[in-house]
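Throw the hints in and build the complete structure from the sequences for me.
2 protein chains.
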Amino acid sequence: MSQTRRDVLTQLGAAGGASAVWLAMEALGLAAATPAHAERFALPAGSGRGREVVILGAGIGGLVAAYELRRAGYHVTVLEARDRIGGRVWTIRGGDRVEQMGRPLQRAAFAAGNYMNAGAARIPSSHRLILSYARRLGVPMEVMVNCNRGAGWDFGGRVIRERQAVNDMRGRIAELLAKAIDTKALDQEMPKGELETLRQFLAAYGALDEKGRYQPDGRSGFSEEPAGYAHAGVPAKASAVKDLLSSRGVVLPYLFEQIFDMQAPMLQPVGGMDGIARALYREVQPSVRLGRPVTALRRVGDRVRVQHGPDGQWIEADYCVCTLPLPLLSKLDADFSPAKKAAMQDVPYLPSVKVAFEAPRFWEQEDFLYGGVAWTDRLNENILYPSDRFHAPTGVLVAAYVAGWTNPDNPQHFAGLSHEERIRISRDSIEAMHPGRSKLLTNPITVGWGLTQWSEGVGAIGPDWGDARRGARYAELLKPEGPIFFAGEHLSYVGLWQEGAALSAHEALTLLASMSAQKGRGRI
Amino acid sequence: MSQTRRDVLTQLGAAGGASAVWLAMEALGLAAATPAHAERFALPAGSGRGREVVILGAGIGGLVAAYELRRAGYHVTVLEARDRIGGRVWTIRGGDRVEQMGRPLQRAAFAAGNYMNAGAARIPSSHRLILSYARRLGVPMEVMVNCNRGAGWDFGGRVIRERQAVNDMRGRIAELLAKAIDTKALDQEMPKGELETLRQFLAAYGALDEKGRYQPDGRSGFSEEPAGYAHAGVPAKASAVKDLLSSRGVVLPYLFEQIFDMQAPMLQPVGGMDGIARALYREVQPSVRLGRPVTALRRVGDRVRVQHGPDGQWIEADYCVCTLPLPLLSKLDADFSPAKKAAMQDVPYLPSVKVAFEAPRFWEQEDFLYGGVAWTDRLNENILYPSDRFHAPTGVLVAAYVAGWTNPDNPQHFAGLSHEERIRISRDSIEAMHPGRSKLLTNPITVGWGLTQWSEGVGAIGPDWGDARRGARYAELLKPEGPIFFAGEHLSYVGLWQEGAALSAHEALTLLASMSAQKGRGRI
Chain A
434 MSQTRRDVLT QLGAAGGASA VWLAMEALGL AAATPAHAER FALPAGSGRG
484 REVVILGAGI GGLVAAYELR RAGYHVTVLE ARDRIGGRVW TIRGGDRVEQ
534 MGRPLQRAAF AAGNYMNAGA ARIPSSHRLI LSYARRLGVP MEVMVNCNRG
584 AGWDFGGRVI RERQAVNDMR GRIAELLAKA IDTKALDQEM PKGELETLRQ
634 FLAAYGALDE KGRYQPDGRS GFSEEPAGYA HAGVPAKASA VKDLLSSRGV
684 VLPYLFEQIF DMQAPMLQPV GGMDGIARAL YREVQPSVRL GRPVTALRRV
734 GDRVRVQHGP DGQWIEADYC VCTLPLPLLS KLDADFSPAK KAAMQDVPYL
784 PSVKVAFEAP RFWEQEDFLY GGVAWTDRLN ENILYPSDRF HAPTGVLVAA
834 YVAGWTNPDN PQHFAGLSHE ERIRISRDSI EAMHPGRSKL LTNPITVGWG
884 LTQWSEGVGA IGPDWGDARR GARYAELLKP EGPIFFAGEH LSYVGLWQEG
934 AALSAHEALT LLASMSAQKG RGRI
Chain B
434 MSQTRRDVLT QLGAAGGASA VWLAMEALGL AAATPAHAER FALPAGSGRG
484 REVVILGAGI GGLVAAYELR RAGYHVTVLE ARDRIGGRVW TIRGGDRVEQ
534 MGRPLQRAAF AAGNYMNAGA ARIPSSHRLI LSYARRLGVP MEVMVNCNRG
584 AGWDFGGRVI RERQAVNDMR GRIAELLAKA IDTKALDQEM PKGELETLRQ
634 FLAAYGALDE KGRYQPDGRS GFSEEPAGYA HAGVPAKASA VKDLLSSRGV
684 VLPYLFEQIF DMQAPMLQPV GGMDGIARAL YREVQPSVRL GRPVTALRRV
734 GDRVRVQHGP DGQWIEADYC VCTLPLPLLS KLDADFSPAK KAAMQDVPYL
784 PSVKVAFEAP RFWEQEDFLY GGVAWTDRLN ENILYPSDRF HAPTGVLVAA
834 YVAGWTNPDN PQHFAGLSHE ERIRISRDSI EAMHPGRSKL LTNPITVGWG
884 LTQWSEGVGA IGPDWGDARR GARYAELLKP EGPIFFAGEH LSYVGLWQEG
934 AALSAHEALT LLASMSAQKG RGRI
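Chains A and B are the protein sequences, given in the same order. If you use this note's numbering, the first sequence closes out at 957, no skipped numbers anywhere. If you use this note's numbering, the second sequence closes out at 957, no skipped numbers anywhere.
Simulated from the structure, these hints should not be mistaken for lab results. On a predicted model such as this, the values are computed, not experimentally measured, just so you know. One or more of the hints may lead you astray.
[Stated by the list, open to error] EDC-like, lysine to aspartate or glutamate: derived pairs with alpha carbons at most 20 Å apart:
(1) Lys670(A) <-> Asp900(B)
(2) Lys670(A) <-> Asp694(B)
(3) Lys617(A) <-> Asp615(B)
(4) Lys644(A) <-> Glu622(B)
(5) Lys617(B) <-> Glu622(A)
(6) Lys670(A) <-> Asp650(A)
(7) Lys670(B) <-> Glu657(B)
(8) Lys670(A) <-> Asp587(A)
(9) Lys617(A) <-> Glu622(B)
(10) Lys675(A) <-> Asp615(B)
(11) Lys773(B) <-> Glu909(B)
(12) Lys675(A) <-> Glu622(B)
(13) Lys773(B) <-> Asp897(B)
(14) Lys625(A) <-> Asp676(B)
(15) Lys625(B) <-> Asp676(A)
Structure representation (structure tokens):
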């Protein structure tokens, strides 16, 4: 069966090039790596036979492509515009320059060991592929705390603890549902026995008393905490639904920890999120040329030519793997087909912004917050407490992570503010969460991805990049153009994640290897 | 005001001894350390003035007492029955002997770096006091993953992932409540506007479609995971309530992560849970005598005499801090008052049991489970994946933690089984969770706390040790007897936790220091 399918592909490949191969593969349900075993991906050993591949971009997509192609015997050149690898995986450490287009230069002054993950900042434990690279390359991993029941929710001008919001909401929902069951309002919805079982369960699930009223048992916190000897705990009073939903922006925080890619446990490389990119770089370093922005891309017969660097050098290769994000690709001087050019125009990219400070770890010393996320309907949206090096004297607090979590208009608006304004807003939010402590915040750094050269955004968003099966525009962007194959988080259903970049690279390589095998056969 | 209160206490102390002081303090609302600032506890500097204190037991309660008394200038002797400190904080490493009363000797064969926390195994980030000791003493801490959405729930003979159970249940509850709201069954319960706000919220909270039906969006997992290129995700089918509640034992897992002391994030010392006990021990080591079980306790005037060790030595002191658990205390040859003796008899102690294996980390390599807890209605109840040293070649898997999580009768029953039976049951559960992998399990160790000498149980349970304010029996046990003060997790409302032991020690020391101050004044 699979032999037959491969035969079909071989014929198509010979006739129509890689594009036809890819379309046929998709039609046959064979499209590239099987996700369930993506972590076992490898191109056939020796199959590269020295063929030349030029890779555009040394982010995760480009680095993974380089790593796998080199393993299979291809001759690889990676062209990277920046003087660093990693792309949107950008860990800023003390001494680093932070450039933003049209903004004053910043220089990070963090102490050794402290860092800001300006871009990627978490790895779900369900992201098997990127974790497999971490494991294979010996990158030490630790837990990234993505949920902290002690963190504050500052909505409608009032700060409560996450444990109160989450558990009071759960209790109120259980209470109302129990009432509906008790009044037989749902007798038509479910068999009687099932409804009775559920009713009993709700008492435990929502901490309901024997009359079905929500009676907090400490899960939402205590007004007096239980302690030694005679100190019995006094549970906090239950909140009303209207107080729990006091602000439109508060919805996402109730969902956040349940989103597939945000579920516990989350992980991070020890020492900064760029750990995996750096480990890949160590493997492929001889192939990588930093400071070489791509300025033109041409097909020459069945090969490809790329102009790069300030000196306008040209490089020619059998194949190209292009991982440039769409805002850059759409501006590139390239002889893409009209359909491709049309598809890559005007795709909105998320201009999210972060602000970080260095400070003594008052959030640990005084509030016992070990990692986690605080939420607010202020403009800064998010506060992220560091998950590493607990009890170190200082740490880097991400005091704003504006990505539309609590209001979709925030990123654009916040990105437009001056650095000083962003920093002031972030300080004010810390002051609301930790009264008297904003004065301890030092060494601010802010990164807006819309103003970050060679990225111009964090990832593709909008109607064409949803979770549901995507339309013609997306399909067009996946297609190879002759010897040019495309990769990047925007060419995956795991968008805005390192995993998506790596998975899309595997897809591109599978097509590339397929075309390469065709050519090989042709030559024999 | 506080001066006046202190005067009252002073007079009472002079007249009635520490018991009266304590009762008066309680009446005045001054009972010992204020929980909110427990981490700043310190006896007045130099207040010990060389007075002698004998401490019974070198668990957390005894070690904290020794540390604080030494800091204040007391002369301290800690008598510990075992040849190790830590009590129910017991980290077993390769080469350790594991003795159980009436059972064959076990010896742990774990590789270096691997360990089993036979007793205490987690620290909530809300346990400020024990974390403050960790911080002060420089104990490195890391996250203990207490919740893993990828872990298995094996109930009614079927294994599903936690993410499916938790999110399908949430969706089904939201769906039913939305239906009840839509049919106006709850119009009398809440103002109309509030109900409308809640109804809108439920759509997001429970992933409801426009008709109010639960429509999984990936939060409960995927039948086909989203991946690169054309691989759109296909969310798993929604479970019915009856399948989500297929077994009586399944209720606790739905609550577990919401229990105050189990909420994210949890922590652990790097290298084993005994890290804090060991750090305290380093501070007080000259005061500690190991291998000295207490055999008799006598009051002599306002002082105390303690007989200890196989040679029956006596030690005399001004004060005693007794941290022995009740199963031991109730059997001790002591001249306690009849009321005290009556109160300490027959308090049930939880006989929980663990079984651990060493194995290659197949749970990480194949299932991407980084820490967390799996649940089952099998006898082993719990599987705990290690939260440390991710990607190390081997790890210790706790394959049974039987504490009544899924059935209150389990601990007693499982404790009565032979080691071989316990191990077989645990293996079978691993095989159900990880088909084909139980053959990798090696070096089993099992610890049942009911059969562990010098503990005879994990902690006080039953009606007298609930969360609500406790009755006369508990109050009696708190009271000092002349120069003897009592501490231990059982004398706290944070029972079965290191925090409770430490908090109760602070309470005992506050009383002791108060009596000591009285005596000092008497002498001047």
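Hints, verified against the model:
1. Lys670(A) <-> Asp900(B): holds (16 Å)
2. Lys670(A) <-> Asp694(B): Judged against 20 Å, a Cα distance of about 18 Å means the pair holds.
3. Lys617(A) <-> Asp615(B): holds (15 Å)
4. Lys644(A) <-> Glu622(B): holds (14 Å)
5. Lys617(B) <-> Glu622(A): holds (15 Å)
6. Lys670(A) <-> Asp650(A): Status holds; Cα separation ~10 Å.
7. Lys670(B) <-> Glu657(B): holds (11 Å)
8. Lys670(A) <-> Asp587(A): The hint holds at about 18 Å.
9. Lys617(A) <-> Glu622(B): holds (15 Å)
10. Lys675(A) <-> Asp615(B): holds (18 Å)
11. Lys773(B) <-> Glu909(B): Holds: Lys773(B) and Glu909(B) sit about 6 Å apart, inside 20 Å.
12. Lys675(A) <-> Glu622(B): Roughly 13 Å separates the two Cα atoms, so the pair holds.
13. Lys773(B) <-> Asp897(B): holds (15 Å)
14. Lys625(A) <-> Asp676(B): The hint holds at about 15 Å.
15. Lys625(B) <-> Asp676(A): Holds, because 15 Å separates the two Cα atoms, which is no more than 20 Å.
Checked against the numbered hints above, the structure breaks none of them.
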